[in-house]
Amino acid sequence: MFLSVSNLTKSYCTGTITHVLKGVDLKMERGQIGVILGPSGSGKSTLMNIIGGVDRADGGTVEVGGERITDLNDNQLVEYRRESVGFVFQFYSLVSNLTVAENIEVVSNISKNPLKTDEVLSAVGLSDKKNRFPRELSGGEQQHVSIARAIVKNPKLLLCDEPTGALDFQTSRSILKLLQEVNKKYGTTILMITHNSAIAGMAHAVFRLRSGEVAESAHNSEIIPAERIEW
Amino acid sequence: MALRKRVLRIIKENKGRYIGIVILILLGSFYFIAATGVANNLEKMVVGFAEEYRQEDLTFSTDKPIKDISALESETGTLIEAYRQYDVKLSNGELRLLSPSSKINIPAVLSGRGLENPGDILLDPYFSQTQGLDIGGQIELNGKTFNIVGTMAVPNYVYILKNLYDVLPTSGFGIGIVSGADIEAFPELSSEAVTVYGARFHARENINAQTTKLHGLLIEKGYSLSEWLDAKNNKRINMPYGNISSMKSMSFPVAAAFFLLSCLIVGVMIMRTVKSDGVVIGTLYAQGYRRRELTRHYMAVPVLLSAAGGLAGTLLALPCVRPVVDSMLVHYVLPDKGITFSPLNLTLAVLMPVAFIGLSSFLMMRRILKKTAVELMKGDEQKAKVNFIERALRLDRFKFNTKFRIREQVRSIPRLLFLVLGVSAASMILLFGFTFNYSMNVVMDKGALERYVYPLEYNFKEVRNLQDGGIPKGAEPYNTLRCYPEGRESVEFYLVGMESDSVGFKVNDIRGNALSRDQVNISSPLASRLRIKEGDTILSLVSKLDGKSYSLKIDGIVKAYGEQFVYMPLDEFNHLTGQPLGSYRTVLSSHEIDFDENLLAGVMDARDPEAYENVSMPTTLIVASVSALAVLIAVIIIFLVTSLMIDESRNTISLLKILGYRGKELAKLILNSSAPAVFIGFWLGLPFMLAFGNSLYGYVAEIINMLIPMMVNPLYVLISFVLIFAVYEVTKRLCGRKLAKISMSDALKAGAE
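Just so you know, the protein sequences line up as chains A and B, in that order.
At the far end of the first sequence sits residue 262, using the numbering used here, and the numbering has no gaps.
At the far end of the second sequence sits residue 1630, using the numbering used here, and the numbering has no gaps.
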């Protein structure tokens, strides 16, 4: 099993204690696309942050590619994020005063075996816009850059937090198509969180989160190509 | 309104940064009040005393008493007064008794009372202090007992030198004032007392022309003149004037520089606050708030900061003025008029920063506040924009880290400008301190004193002639005349006649080779001031004594530091100035010569150069305080910019942490990005310092005719460079903690940059 989450718990204290994750279990094979569905406050982002090594769990374990990341110290977590995980955020999180190419170099700069910037730019269809600044691009193009930045290190795991949440239908479909292509071309395992249940059709594994628990998990035998997804 | 509560919260959020800004403003106001306070109080004491007690414009002696003084006074528009001067030797010193004058050089009683009864005496305060004499006590002078009734100051003895041409005060020497009758009562008076004249012109303009006219008239009337010296060249009078001019000239520009730097940084910060509040402002507009209400709200921050800094600087400066004035006047005898402050300057010290900073902040925030509620609520103001420099930069050939650092710096032009100018200002102050110290050391080590091969200079009251008696072996005659180029009275210098085989003075050219004494040589600082070179002719050189005009062709340039003179052969000098062959006024000697003291106007002894350092400015103290100030400014500026940069890059830093950047890598990327700006700022400081120093020294030269060379020592430049970068490194470490505290959740929450 490439990704294995077992009995994961997490709570926050903001005056009162809020149990965000209450024993979450999920598993994914290498090279799969997984989708976590759930309403706001269900614990999707917290789960993703723990898997990404950005946050720490209170209990339970997370293993990625055989490495138990819940046992890693802060420095080891930095190495894990640096080498193994790519992030795609809802609002792109690009560095506004760096060009498209430079935003990708932010990651290739610290990776051991990065892909070539031009190759990645070509893969996301932005070769002609490499010297533009993020503000000069549409939302969809910015998300393409965000994906390019995430895959340039050729990560084992690509974590996408609502990658289409800020985009219109057509653009969203192009982003999903791109993610599917990345998955196929580089064999990258992708875990995506979303409100949009229509996206579940393109995933191998689907997990429905409700109030910090996995209410339902399913595995699709037939994967729908992203361009056929409708909502 | 409720918004008011927010003002203090905004300030509290970035306490450190606002404290830094308040300190910058405080330094500006402090310097303004301290410099104007010191200059005005010095002026009040020195110039006020000179005016109120009618300081002489001229002192001289004659071979016979001037007969009809009142006729001469009306003919020349002058007040002339004769006073008696009688030196009494004491067991441990010497006291010069002066008769009280009533028209000019009027004595001011500093403590005790004035002269009322026969046998009363007023003493100068340093003399009574060093001799352990108190008011109410007595002093015995040549067998006569005097009652000490007080201490006094006289305008022609502000700096108490025994002889007119002395450089240093004579140990144990002092002055006292007794009634004319008491002086006349000394039995040996007729042989030992002298009459000295002081003159003061009614018209306060064209003093040189009036002096020349009076000189001509006295010669015409058959008087032979000696010890003819105008106040401008009289060290007893002119010594405290240098401090006033330099203080006055720099009070406003230095303060303004601090305020401008503060303007830049406050402008950047307030702009940032207003930008980040764009949506809130739009919402408040939508709720019915007026633009002026919100302008007032955001203006409260810069106004509060500048008023607090201005007020604190002013209040801190007030008690500092007295000790500085006292330390500057420690060698001078002046009435204490008390320290006062100009209400206008006090108001300016508080209002200037408020006006400067308030206006710049208003201009910066106006653009945003002018927008409509809908435009603001879209939140576009919060999104970082790419400026024209960022757009124009093509950095493909650089490594990523270099690209990132360059972009980080050019992201905010005002911030970059503040850093570069701020570091320049700090470097300029530091370099100026070191250069001033080095220049003064060079002047002391290689200046006038080093020129003396024969260390003793005897100046006579009257011109003497070699034909009346030879000069001992190991001694040489010189003759001198004070001159200025026509139309430039501020450029005064000595025209010196010396024998062609003289060895008493070193006369070397720029390369260090000995120049011939048989030609006309000019000192290098004077040559550069007059913009002349070898082979040029100085036209219309005016003698200060009699107004006669000469022309001189310059044959050589003498390497010198700060000195202003022209050397020429003695015979040519006497011929040119119309004096008999063999005339001389000065003897330079390798050994002590027993001249009759009554013939001498002063003796200069170059054997103990350290004695001169005591009366020169305390340069080490100046350098230490100037360096401390520079370091403080550098710390504040680098800290402000770095912390501002960390704040502006908060989301990027957080994002980079998520992406796997290590702490050290982030510190290198963010904190090291200012290094080129600090580097450029430092090197810009050097030409700024040279321009500043040359303008200051040029001003001082014009006012008091004193040339200070600007000597830049590479070692001190290196030390300054290391010091500025050490400050940068320390500040980086301080800010490194702030960097470490930024959490990854910031980027996750912020979403878009």
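Simulated from the structure, these hints should not be mistaken for lab results.
Hints should not be assumed to be uniformly reliable.
In silico BS3-like links for lysine-lysine, alpha-carbon gap of 25 Å or less [said to hold, decoys possible]: (1) Lys-1626(B) to Lys-53(A); (2) Lys-1545(B) to Lys-143(A); (3) Lys-143(A) to Lys-1276(B); (4) Lys-161(A) to Lys-1615(B); (5) Lys-147(A) to Lys-1276(B); (6) Lys-160(A) to Lys-1425(B); (7) Lys-1260(B) to Lys-147(A); (8) Lys-161(A) to Lys-1262(B); (9) Lys-160(A) to Lys-1260(B); (10) Lys-1262(B) to Lys-143(A).
Here are a few chain A residues that sit away from chain B, every Cβ distance over 12 Å (derived from the structure) [unchecked claim]: (11) Arg-61; (12) Thr-101; (13) Glu-110; (14) Arg-113; (15) Val-116; (16) Ser-139; (17) Gly-156; (18) His-235; (19) Ala-236; (20) Ser-252; (21) Glu-261.
Beta carbons: idealized from backbone N, C-alpha and C, even for Gly.
How the hints compare with the structure:
Straight-line distance between C-alpha atoms of Lys-1626(B) and Lys-53(A) comes to about 23 Å, which keeps the hinted pair within the 25 Å bound. With a C-alpha separation of about 19 Å, the suggested pair Lys-1545(B) and Lys-143(A) falls inside the 25 Å cut-off, and the hint holds. A C-alpha spacing of about 16 Å is found between Lys-143(A) and Lys-1276(B), which places the hinted pair at or below 25 Å, so the restraint holds. Under the criterion of a C-alpha separation no larger than 25 Å, the hint pairing Lys-161(A) with Lys-1615(B) is inconsistent with the structure, at around 33 Å.
For the given pair, Lys-147(A) sits about 14 Å from Lys-1276(B) by alpha-carbon distance, which is consistent with the 25 Å threshold. Between Lys-160(A) and Lys-1425(B), the direct Cα distance comes to roughly 82 Å. Violation of the 25 Å bound is thereby established for this hinted pair. Restraint check for Lys-1260(B) and Lys-147(A): the C-alpha separation of about 30 Å exceeds 25 Å, so the hint is violated. Restraint check: the Cα-Cα separation between Lys-161(A) and Lys-1262(B) comes to about 18 Å, which is no more than 25 Å; the hinted pair holds.
Between Lys-160(A) and Lys-1260(B) the CA atoms are separated by roughly 20 Å; this keeps the pair inside 25 Å, and the hint holds. The hinted pair formed by Lys-1262(B) and Lys-143(A) fails the criterion: a straight-line CA distance of about 32 Å is larger than 25 Å. Once the 12 Å rule is applied to beta carbons, Arg-61(A) is consistent with being away from chain B; the minimum gap is 21 Å. Every CB of chain B lies more than 12 Å from the CB of Thr-101(A), the least distance being 17 Å, so the non-interface label holds.
With a cut of 12 Å on Cβ distances, Glu-110(A) falls inside the contact zone with chain B, its closest approach being about 7 Å. Listed as a non-interface residue, Arg-113(A) fails to keep its Cβ farther than 12 Å from every Cβ of chain B; the least gap is roughly 3 Å. Distance to chain B contradicts Val-116(A) as a non-interface residue, since its nearest Cβ pair spans about 8 Å, not more than 12 Å. Annotated as non-interface, Ser-139(A) brings its C-beta within 12 Å of a C-beta of chain B; the closest such distance is 8 Å.
For Gly-156(A), the shortest C-beta to C-beta distance to chain B comes to about 20 Å, beyond the 12 Å cut-off, and the non-interface label holds. The Cβ of His-235(A) sits about 26 Å from the closest Cβ of chain B, beyond the 12 Å cut-off, so the non-interface label holds. Under the 12 Å C-beta cut-off, the non-interface status given to Ala-236(A) relative to chain B holds; the minimum distance is some 24 Å. Distance to chain B confirms Ser-252(A) as a non-interface residue, since its nearest Cβ pair spans about 34 Å, more than 12 Å.
No beta-carbon of chain B is positioned within 12 Å of the beta-carbon of Glu-261(A); the least distance is around 27 Å.
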